[in-house]
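Asker: Top to bottom, those sequences are chains A and B.
Position 184, counted from 1, in the first sequence is what my numbering calls 184; the numbers after and before it change by one each time, with no gaps.
Position 3, counted from 1, in the second sequence is what my numbering calls 3; the numbers after and before it change by one each time, with no gaps.
Each hint should be verified, as a subset may be incorrect.
[What the hints assert, rightly or not] Subject to a maximum C-alpha distance of 27 Å in a straight line, what follows is the list of computed DSSO-like cross-link-like pairs (lysine-lysine): (1) A/K134 / A/K214; (2) A/K237 / A/K10; (3) B/K232 / B/K212; (4) A/K283 / A/K232; (5) A/K47 / B/K135; (6) B/K212 / B/K234; (7) B/K135 / A/K159; (8) A/K237 / A/K214; (9) B/K234 / A/K47; (10) A/K283 / A/K214; (11) A/K232 / A/K159; (12) A/K47 / B/K232.
Source of the hints: derived by calculation from the structure; they are not laboratory data.
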Amino acid sequence: MKTYTNTGNKDTRSGFGAGLTELGQTNENVVALCADLIGSLKMDDFKANHPERFFQVGIAEANMIGLAAGMTIGGKIPFTGTFANFSTGRVYDQIRQSVAYSDKNVKICASHAGLTLGEDGATHQILEDIGLMKMLPGMTVINTCDYNQTKAATIAIAKHHGPVYLRFGRPKVANFTPEDQNFEIGKAVKLTEGNDVTILATGHLVWEALEAAKTLNEKGISAEVINIHTIKPLDDKAIIDSVAKTGCVVTAEEHSVIGGLGESVARVLSQHQPTPQEFVGTKDTFGESGTADQLMEKYGLNANAIIKASELVTKRK
Amino acid sequence: MPNTQQLQDLTTQVRRDILRMVHKVNSGHPGGSLGCAEFLVALYQEIMDRKDTFDMDGIGEDLFFLSNGHISPVFYSVLARSGYFPVEELNTFRLINSRLQGHPTTHDGLPGVRIASGSLGQGFSVALGAAQTKKLNGDNHLVYSLHGDGELQEGQNWEGIMYAAGNNVDNIISTIDLNGQQIDGSTDTVLPMGSIRTKFEAFGWTVLDIEKGNDIDAILEGMAKAKALTGKGKPVCVLLHTVMGNGVDFMMYTHAWHGKAPNDEQLAEGLSQNAETLGDY
Chain A
1 MKTYTNTGNK DTRSGFGAGL TELGQTNENV VALCADLIGS LKMDDFKANH PERFFQVGIA
61 EANMIGLAAG MTIGGKIPFT GTFANFSTGR VYDQIRQSVA YSDKNVKICA SHAGLTLGED
121 GATHQILEDI GLMKMLPGMT VINTCDYNQT KAATIAIAKH HGPVYLRFGR PKVANFTPED
181 QNFEIGKAVK LTEGNDVTIL ATGHLVWEAL EAAKTLNEKG ISAEVINIHT IKPLDDKAII
241 DSVAKTGCVV TAEEHSVIGG LGESVARVLS QHQPTPQEFV GTKDTFGESG TADQLMEKYG
301 LNANAIIKAS ELVTKRK
Chain B
1 MPNTQQLQDL TTQVRRDILR MVHKVNSGHP GGSLGCAEFL VALYQEIMDR KDTFDMDGIG
61 EDLFFLSNGH ISPVFYSVLA RSGYFPVEEL NTFRLINSRL QGHPTTHDGL PGVRIASGSL
121 GQGFSVALGA AQTKKLNGDN HLVYSLHGDG ELQEGQNWEG IMYAAGNNVD NIISTIDLNG
181 QQIDGSTDTV LPMGSIRTKF EAFGWTVLDI EKGNDIDAIL EGMAKAKALT GKGKPVCVLL
241 HTVMGNGVDF MMYTHAWHGK APNDEQLAEG LSQNAETLGD Y
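One chain only, chain A, in its complex shape:
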């Protein structure tokens, strides 16, 4: 079984900051907007290097989305930065009308997604944002798994014309994908080959899926782990092909099971390859205060939860 090395824990939001810094140097049309969270979003370097292309909008996210939509008229590529909750739920109608329906080339970059935001609690821990964004026609939805991939994705979305939701997080997590990777929107990445169960994971759950696969392997269950970094457009073929081989699937995401990756996968499979499926995600609940690890354990979003789900689903074949 192929294994991956953690080159050192890093936060995905810093990958975003590094990608934005590189874009600042390579693409003069890239502009950045932030709603009073420059440090949290790691936008400091871009601001320092390109003050004329950086827009501090204050605590006014609705205005930030509208400004970004307007800035595209004349050829700019705006990257907005705030927490995932304030990037989506707070500004849904602004995104819907001024960005998505108007087909504006805005990149909505969202940090502190999910439970791993931690101690701030449920007001800030959005677990519905993937669902909100994937429902918008024309919106691309990406949830990257580590620092390197988030940096690569940030650079890649500048070349893609159209609205994008890029979701990442706060905690330092394993950094294991290649430093020089070519990020291809909509192209799933197969991380391990397996025959007994397919594990489709996104975001912080990808590393947990790899950890789970090791344990499952010791238990005689061969898991095929696939990194679904793009939830929309979904890589239907990669999913169908893998499941045709393994005969069952576990989806894993730091998001509600309602409206997330799991439901997107279920839609594809029920149509093309009906398959037993188990869902690792939050179960119609808000989060709460706690450390990231405590919360992921309590709400069943870690390697242990993926192992249990895999054992269950293989028995349902």
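On the provided structure of chain A, position chain B as indicated by the hints.
Answerer: Frame of chain A, contents of chain B only:
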């Protein structure tokens, strides 16, 4: 000097377009559309520096954003009669498979429209963003926007209004259609907003009134003053005092025709008050 009579004739024709469009599909918003007919005719015919052809980026020309998208009938009529698309297309207003949606959109590629509007209160932010990009591009042209007064009850406006002064966005002229009416009644009865002038001034804008907002000469004079106030470090707000339903006597001074179409007799009456000038579509 512009030929005011020509603009007046065009306005009369636009009023006919509005009435006929709304009547045909028995839906749409004639009241606010009629109230802004003179303003949009003057804006597109005299005030804005526009290119003959449409491209989304609009570099090297003035831009206009309609925030109160429900007055799409007047917007579509003025766009068509300014050459953006064939006037015959006004026949498709609100019909299935039309580019002339109930509220304006870029979705179907209608020339002249740069943003979808309809859900209120989003236009300030968009127009300000476009104005910022003009500055980044070294483009000295202006951004114009139009907003309803009732629309100002939406909170996002005030985020944008605060941002504009704080960031010296002085290449924008935002006009408020001050007709004092909204769907459920007068703005004073639905949600009293106090002095809009005082609010804009407190937010750091330069404000000027056009008291006769349905008088083309007054609009041209007022907008020339507004233009002279741009580039001085502050955003410019024009309070355009209009009469909802202007030009059709039974639609004037009331919110009743905000979102209601005339029947056959009412259409005939409205058209009789506005004799054909440039030819119906």
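Asker: Which earlier hints can't be squared with this structure?
Answerer: 1, 2
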